[in-house]
Amino acid sequence: MPRDWKLIAKGIAPEILEQDLEKVVGVLQALETQFVPLHLRLEHDTEPAVIFPPSPAPEEHS
Amino acid sequence: MNLQEIGKALRQKTLSSVELVSDTLRRIATLDPRLRAFITVTAELADSQSQQADQELAAGKDRGPLHGIPVAVKDVFCTQGIRTTCGSKLFHDYIPDKNAAIVDHLRTAGAVIVGKTNMHELAYGVTSTNPYFGTVRNPWNLDCIAGGSSGGSGTAVAAGLVPLAMGSDTGGSIRIPASFCGTVGLKPSFGRVSRYGVLPLDYSLDHMGPLAQCVRDAALALNIISGFDPRDETSSRRPVVPYLPVAPLSIRGVRVGLPENFYFERVSPSVAASVRQAARLSEQEGAVVVPLRVPDIAELNAIGRIILLSEASATMEKYLHRREDFGSDVLALLDQGRLLPATDYINAQRVRRMLIQGFQSVWKQVDCLITPTTPTSAPKIGQSAIDLNGEEDVRIASTRLVRGVNVLGLPALSLPCGFDEGGMPLGLQIIGPSFQEALILRVGAALEDLLNLTQRHPVL
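The listed protein sequences derive, respectively, from chains E and Z.
End of the first sequence sits at 65 in this note's numbering; the numbers just go up one at a time, nothing left out.
End of the second sequence sits at 461 in this note's numbering; the numbers just go up one at a time, nothing left out.
Note that these hints are calculated values from the structure, not bench results.
From the three backbone atoms N, C-alpha and C, an ideal C-beta is built for every residue, glycine too.
Keep in mind that a hint or two might mislead.
[To be verified] Stretches of chain Z that chain E covers, calculated by requiring three or more beta carbons in the stretch to come under 8 Å of a beta carbon on chain E:
(1) 161-169
(2) 297-309
(3) 411-419
(4) 431-443
[Claimed, not checked] Restricting the straight-line Cα-Cα distance to at most 25 Å, the calculated cross-link-like pairs of lysine to any residue (SDA-like) are:
(5) E:K26 x Z:Q384
(6) E:K9 x Z:I397
(7) Z:K90 x E:K9
(8) Z:K9 x Z:N224
(9) E:K9 x Z:P342
(10) E:K13 x Z:T344
(11) Z:K319 x E:A16
Model the full assembly from the supplied sequences, consistent with the hints where possible.
So, in structure tokens, the structure goes:
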């Protein structure tokens, strides 16, 4: 089911003005149409491309 | 003159750095009120750096191919003690206490920094119609955009204000102005050039690189700005190799892929003809042109847009209560990013991994790809859409052939390949496997020699 971008916008602050919202809703709907079939193709165990590196080992104190 | 010729003149003492920089500053003072390529001109600093460069050369201290040569850097690179605005009202008075890694590399190599170039606000757009620092003009036609976001760097090089400038590229922001302004632009592999000290737009898509008069100048610059930097966690430890193509230049046997899908589907006839002609020329030099189908680039673009919308909005979120301080186009993009859920961002990064793996199949068939850089020549300032079998937003159209490369993190070079019927430059793009900058620069230099366009300059 397509997302209701205007409803989502109501929940964020600082608010997006109505006239500004009109500019973005159509773009997001089109992008969602492209994106949803793509992520449905993912294997369950596919990890994100960007993985944060492990923390450096703590320095040894003498 | 290219960088090697300027360097030779400096060493033979037929030209001094002081003379060269003085001439550069005079030319900027004369032309930039019309071009708006610069946000800040560092004349006093450049004078002192040029004097130092001459003194060092006289004393036998030679810092290399950029010694004494004027260079400009996009105003996204931090410069210690010099205002760095990112093309935004938000940072109009920001004075960093450090240099970006690129700036340090350039100074160590003896380059003279003459100024900070204008850009699309926050590096988030392709027109460089900056609401606070003025619209960058295309030197080939002042009514046309320079492209973006590194538009000031493109115009500064194309107009002959400087022989070399630095830019950043998150979704084509080096290659688009290179294509529109008739210069060379190189986006290296992700991790090749440090991002340290660059005001970020997108942590996983930002790349840094040169805009230059010719391919060999871009290669020289890449050797200077490349290398591991522990201050950038994405910086690669791969050794830096010599990038300058050396004579005799051969591309014999290089498998050049010419995509049958996507890249030529919605481009102007003059762009398609120029790029195909360049591919044919490469065959004359012994390259093997291989027609092939590439993975779906529209998918890469969709993923790239979701990642960019999400990361850029996260980066800028703390400023978003100052809505009046953003241009309307940038604000619309930031609002889009705020509405996307975190799950979309994570899934986009997962799809990215899948598409990167899928693209590996291309490199089993060819050594590099040749494509158009942009679907048309530079649009007019204020133009909102391009009509190629239907209207398409200028930003979406201009990034369509270049954005996917940022998602893949691959190196890509744009170089001039012709002019359209209106006399505006056209660009082609050479894409290579990760860290194969030397290969795409070699192919680019060979094509540049064959096309013989570097002596054509805009009349200003």
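Query - Hints the structure fails to honour - result: Hints 1, 3, 4, 7 contradicted; others consistent.
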